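Peer 1: So you can see what is in the structure, the chains are spelled out below.
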Amino acid sequence: MGYQLDPYIIVKHLPLFLKGVFLTVEISFFAILLGLAIGILGAVARTSRFKILHIIGASYVEVFRNTPLLIQIFIIFFGLPGLGIKLSPYISGLTALVLYVGAYNTEVIRAGLEAIPKGQVEAAKSLGLTGVQTFRYVMLPQTFRISLPALGNNWVALVKNSSLVSVIGMVELTWVAYDLNALTFRSFELFGAATLFYLLLIFILTNIQSFVEKRFAYRT
Amino acid sequence: MRSKTVAVLLILLALMLSFSVEVTAGTLQDVKARGKLVAGVKTDFPPFGFVDEKGVNKGFDPDIARALAKELFGKEDALELVAVTSANRIPFLTTGKIDIILASMTITEERKKVIDYSIPYFMSGHLLIVHKDSKIEKVQDLAGKKVSTTMGSTGDMVIGKLVPTAERIKFQHNSESLQALKDRRTEAFIQDDVLLLDLQKRNPELKIVGWPPFESAPYGLGVRKGDKEWLDFVDATLTKMNKTGEYQKLWDKWFGENKKLLLELK
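Chains as they are written, first to last, in the numbering used here: chain A, 1 to 220; chain W, 1001 to 1266.
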C-alpha cells in the first residue's frame, strides 16, 4: 500500500482554506500598516536630538530583532496574562507581528533618513519650514523612495512570519493546514497547497511593491 | 527570465503530482536489523507519556515500548523514544520516522483508513476540566461557549459532534490548551479522562465535570497499514503481557489510584 496523492482533498476543504487565506491577508495588511508607523516613530527616535529617545529606540530594536518571533508571540499571549494583561489571540498575534516588523522597519527607515543629504534639511530650514514640515514634506517622501526595496523585504518576511500566529489558535492559513492534517493526514497535499497560497500572496505583494517603486521613482 | 522560472516550477509540480511513495511493509525485519525499536510516545500526556525532571521518558506507553524492546532483543534499552503529539504521530509513522505509535491513541474509523491498530490496550472516555467556580456540569452546557481542545485529539472531534455551537480554540499541545483555560480565555478543556485526572491533581483550582466519561473508545497501538508481520508480533506481545500479569502490573502502577474512576477494558 502506497501513499496516493489526493488533490481533491483541497477542493473539498476550499472554504476553510480561503478563510485562512483571508485572515493571513488581513493580519498581514494591518501589521504592515501599523509596522510602518512604528518604524517611522522608531527611526525618528533613533535620529532625534534627545538622548533618551535614542536609548528607547535602540533598546526596542535590539530586543525585538534579536529574539525569535515565536517566543515573542508566546510571551504576549501566554505570559502577559500572568501580569494581568490579557489580549485576544488576534490582538496578541497582531501586536507581536507589528513590534517585530517595526524593529526591522526602524532600521531601514533610519538608514533612509540618514541617507538624505544634510543640504536638504538646511535648505528647508532656510525656506522657513518648521521641523515637522521639513520632515513631512522633504524628508519622508525621499526616505520612502530610498527605503522601499528594503521595506518590501520586510513585508515579504512578515507574510511568511504570520504563519507563526497559528500557535495561539488563530485560524489563518498555516493553522488550517495543520488542522486538516490532523483530521485527514494528507500532509503533502495540505502543506503543498498552503505553500502555493503563500507563494501567490507574496507574488502579489512583490508586484504591488514593484508598481509602487516605479510609480515613485525619480524621473530622469 | 520570469516565465522561465514559472515553467520550471510548473514542470516540478507536474512531476510531484504524478508520484506516489511505496512504503516497505517489513518493519519487523527492519527493526531487528537495526537493533533497536523506534517508538513514538507522548511527552505531554501523563500518566501515559511524560518526561520527568531528569528528562527521562516515563509512563504507561514508554513502559510498554520497553516491554516490546525486551521481547525483540532481550534488553529494554534497545529502544529510542521519539516525542510525538496528537497532530503529528500518524505522519511520523507513515513517513517512517517511527516504527510504532505508543501515544495514547484512540481507535477511530478515520484513523483506521490510514494506519492499522493493535488489539485495544486501554479504555478511555472524555471529561471536561473547568474552573472551580464554573457553572458548567455536562458537555451540553458548552453550547455557544469557548472550549480549548488539542489539535488531532478525539476530544476536539467529540465537541464538534456533540456541541457544534461551541467555539473550539485549538492548540498544538495539551499544556497550551490547559493554559488557555487557566487564563480564562476558554471555559473548559476537553480531553481523555485519564489525562484530566492527572492535570487536576496538579492544578487544584480546577475541577472535573461531565461524569461519567463520555464518548468512550479504546486506545490502540499504531503501525503502518498492511504491515501484517509487525502487527501480529505487537498483538502477540500484548496478549502475552496480559497472560503473564505484566499488563495488570503496569496498569496498577500508572492508573491504580484512579481505579474506581476509570472505565473497564473489556
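Please keep in mind that the hints were generated in silico from the structure rather than gathered at the bench.
Everything numeric in this text was worked out from a predicted model, so none of it was measured.
Don't be surprised by glycine CBs; every beta carbon is placed ideally from N, CA and C.
Treat the hints with care, since some could be wrong.
Said to hold, decoys possible - Simulated pairs of lysine to aspartate or glutamate, EDC-like, Cα-Cα distance not exceeding 20 Å: (1) W/K1113 with A/E213; (2) W/K1145 with W/E1109; (3) A/K19 with W/E1167; (4) W/K1112 with A/E122; (5) W/K1036 with W/E1080; (6) A/K86 with W/E1080.
Stated by the list, open to error - Distance ranges between label pairs, derived from CB positions: (7) A/Y137 with W/K1145: 50 to 56 Å; (8) W/R1002 with A/P7: 24 to 30 Å; (9) A/G79 with W/K1113: 37 to 43 Å; (10) W/K1054 with A/P68: 25 to 31 Å; (11) W/T1005 with A/A157: 39 to 45 Å; (12) A/D6 with W/G1055: 36 to 42 Å; (13) A/I9 with W/P1120: 26 to 32 Å; (14) W/L1162 with A/T67: 38 to 44 Å; (15) W/K1253 with A/D6: 54 to 60 Å; (16) A/I56 with W/K1161: 49 to 55 Å; (17) W/D1077 with A/Y90: 53 to 59 Å; (18) A/N207 with W/K1032: 53 to 59 Å; (19) W/K1135 with A/I75: 28 to 34 Å.
Unchecked claim - Only some residues are given here: those of chain A computed to face chain W with a beta carbon under 10 Å: (20) Q133; (21) S166; (22) Y198; (23) L199.
Peer 1: It remains to establish, for every hint, whether it holds in the given structure.
Peer 2: How the hints compare with the structure:
no. : hint                            : in the structure
1   : W/K1113 with A/E213             : violated, 52 Å
2   : W/K1145 with W/E1109            : violated, 28 Å
3   : A/K19 with W/E1167              : holds, 16 Å
4   : W/K1112 with A/E122             : violated, 75 Å
5   : W/K1036 with W/E1080            : holds, 7 Å
6   : A/K86 with W/E1080              : violated, 40 Å
7   : A/Y137 with W/K1145: 50 to 56 Å : holds, 54 Å
8   : W/R1002 with A/P7: 24 to 30 Å   : holds, 26 Å
9   : A/G79 with W/K1113: 37 to 43 Å  : holds, 40 Å
10  : W/K1054 with A/P68: 25 to 31 Å  : holds, 27 Å
11  : W/T1005 with A/A157: 39 to 45 Å : violated, 20 Å
12  : A/D6 with W/G1055: 36 to 42 Å   : holds, 39 Å
13  : A/I9 with W/P1120: 26 to 32 Å   : holds, 29 Å
14  : W/L1162 with A/T67: 38 to 44 Å  : holds, 41 Å
15  : W/K1253 with A/D6: 54 to 60 Å   : violated, 43 Å
16  : A/I56 with W/K1161: 49 to 55 Å  : holds, 52 Å
17  : W/D1077 with A/Y90: 53 to 59 Å  : violated, 47 Å
18  : A/N207 with W/K1032: 53 to 59 Å : holds, 56 Å
19  : W/K1135 with A/I75: 28 to 34 Å  : holds, 32 Å
20  : Q133                            : violated, 42 Å
21  : S166                            : holds, 8 Å
22  : Y198                            : violated, 14 Å
23  : L199                            : holds, 9 Å
When the structure is compared with the earlier hints, violations turn up for hints 1, 2, 4, 6, 11, 15, 17, 20 and 22 and for no others.
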